[in-house]
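Asker: Sequences listed follow chains A and B, in order. Numbering follows numbering that gives the first Met the number 0, in which position 80 of the first sequence is assigned residue number 79; successive positions increment by one, without gaps. Numbering follows numbering that gives the first Met the number 0, in which position 130 of the second sequence is assigned residue number 129; successive positions increment by one, without gaps.
Warning: the hint list may mix true and false statements.
Derived SDA-like pairs (lysine to any residue); straight-line CA-CA distance at most 20 Å [to be verified]:
hint: 1; chain 1: A; residue 1: 129; chain 2: B; residue 2: 118
hint: 2; chain 1: A; residue 1: 76; chain 2: B; residue 2: 84
hint: 3; chain 1: A; residue 1: 4; chain 2: A; residue 2: 96
hint: 4; chain 1: A; residue 1: 129; chain 2: B; residue 2: 84
Note that these hints are calculated values from the structure, not bench results. As the structure is a prediction and not an experimental result, all values here were calculated from the model.
Each chain, written out:
2 protein chains.
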Amino acid sequence: MRNLKLTLAYDGTEFHGWQFQPDARTIQGELETALARLFNHEVTVYGSGRTDAGVHALGQVANVQTTRTMDVHSVLKGSNVLLPLEIRVLSVEDVDESFHARFSSRSKTYEYHIWRHHIVSPFICRYVYKYPYDMDTAAVDEAGAQLVGTHDFTSFSAANAPVDDRVRTVFDIHWRRNHDEWIFSIKGSGFLHRMVRTIVGTLLYVGQGKLHPSVIPAILEAKDRGAAGPSAPAEGLHLVQVEY
Amino acid sequence: MRNLKLTLAYDGTEFHGWQFQPDARTIQGELETALARLFNHEVTVYGSGRTDAGVHALGQVANVQTTRTMDVHSVLKGSNVLLPLEIRVLSVEDVDESFHARFSSRSKTYEYHIWRHHIVSPFICRYVYKYPYDMDTAAVDEAGAQLVGTHDFTSFSAANAPVDDRVRTVFDIHWRRNHDEWIFSIKGSGFLHRMVRTIVGTLLYVGQGKLHPSVIPAILEAKDRGAAGPSAPAEGLHLVQVEY
Chain A
0 MRNLKLTLAY DGTEFHGWQF QPDARTIQGE LETALARLFN HEVTVYGSGR
50 TDAGVHALGQ VANVQTTRTM DVHSVLKGSN VLLPLEIRVL SVEDVDESFH
100 ARFSSRSKTY EYHIWRHHIV SPFICRYVYK YPYDMDTAAV DEAGAQLVGT
150 HDFTSFSAAN APVDDRVRTV FDIHWRRNHD EWIFSIKGSG FLHRMVRTIV
200 GTLLYVGQGK LHPSVIPAIL EAKDRGAAGP SAPAEGLHLV QVEY
Chain B
0 MRNLKLTLAY DGTEFHGWQF QPDARTIQGE LETALARLFN HEVTVYGSGR
50 TDAGVHALGQ VANVQTTRTM DVHSVLKGSN VLLPLEIRVL SVEDVDESFH
100 ARFSSRSKTY EYHIWRHHIV SPFICRYVYK YPYDMDTAAV DEAGAQLVGT
150 HDFTSFSAAN APVDDRVRTV FDIHWRRNHD EWIFSIKGSG FLHRMVRTIV
200 GTLLYVGQGK LHPSVIPAIL EAKDRGAAGP SAPAEGLHLV QVEY
């Protein structure tokens, strides 16, 4: 069976997240419907991970198997004709049958976009979290640096996350601050459910002085979701790249 | 009566244009509803011009009269709380009672955004016209240059435009071409209904070789909408600035 790797961009605003749901519009559901029409057989689309409702992607990766022999450019063109404009297939390539978008991934990069002015342009309001409040950026950076490395991130994941091993490695955290647009970037071996949003929400708490950066090790140590700050809202989060 | 000048940005995608309609969602209608609530009296909002359904604005200007004495910053904040996120008031200032957004304007600048690749990012697909076809840019520039100046633009305006005087002055036309994003910019004393979109559509016809740039004077001379090319679609058009 032929195995195809798809690179995808989507505006998650109007979708109930990645994962297929029988009665809701989802990214996986839209992809499976479009590709089943294109290939004329049922398909399962495997994503690198399940983005939540409202989360966006610039470089989500998925794989799908097909019996069809059409060339990859025809798959690219055909799928984009059949998909809604909020989901675009950016590239298609034939890959080894052992390739799996989720299990083969080595790392992922997410960005979180914050808008630092009380007026948000209508052209970006779906893609940023408005946060015009004063922020102690030195404290934010000090707190972020302590999250880099290999840690048990239980305190930063949704309490109901259905996984046993909550140890992950964060390779890099940095901010790009450009006038009113502040972009948080994080690269890691993998992320627990809500982990990026909870890290951002906690860093914003630190920035407001509600938590001192020195308590980050104790928050990790607690292994308790209640120890960290709130989760930042979905609209600011973008899955930028998946590395293999 | 106090007269306020408002500078506005909006994403026109989900609106039936600027002009109030009793049974449709319009920019003017939303503004009048929000400001009537804020001021606690009925208002009429006068725009610099009526943008069509689907057309966007980065710097539309309007004026409104009120009996209220609240400071301009409170008007800015309060109106943005009451308006949908697709419409933002960028600034509010007290102006002389003689100021009228439409009649006081000296010139306007529009941009038209074209996307030159067959895949359009979901984050900009509402704001550009996808046009990946080959284009003779020298011919486009030669045709555009002949539209600069004072001309009767009847051939470039909607056939039903309810005005007698169709002479307008175009001060400047230029393109910014940056990879796949090509932006057409036009500044003029004023624009007839559909004039910018018909100029762009005609220039794209020239770019495709369907019209030769040398026929522009004859198209102007014809004073017949049928002489020019088709109108480019609304989604690529942005009202950038109104000069007073």
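Asker: Compare the structure with each hint and give your call.
Answerer: Okay, the hints, checked on the actual structure:
Of the pairs offered as hints, the one joining residue 129/A and residue 118/B is violated, with about 29 Å between alpha carbons and a cut-off of 20 Å exceeded. For a cut-off of 20 Å, the pair hint linking residue 76/A to residue 84/B is broken: about 33 Å separates their Cα positions. Only pairs whose Cα atoms come within 20 Å are accepted, and residue 4/A paired with residue 96/A is accepted, the gap being roughly 10 Å. Taken as a hint, the residue 129/A and residue 84/B pair is honoured in the structure, with Cα atoms around 12 Å apart against an allowance of 20 Å.
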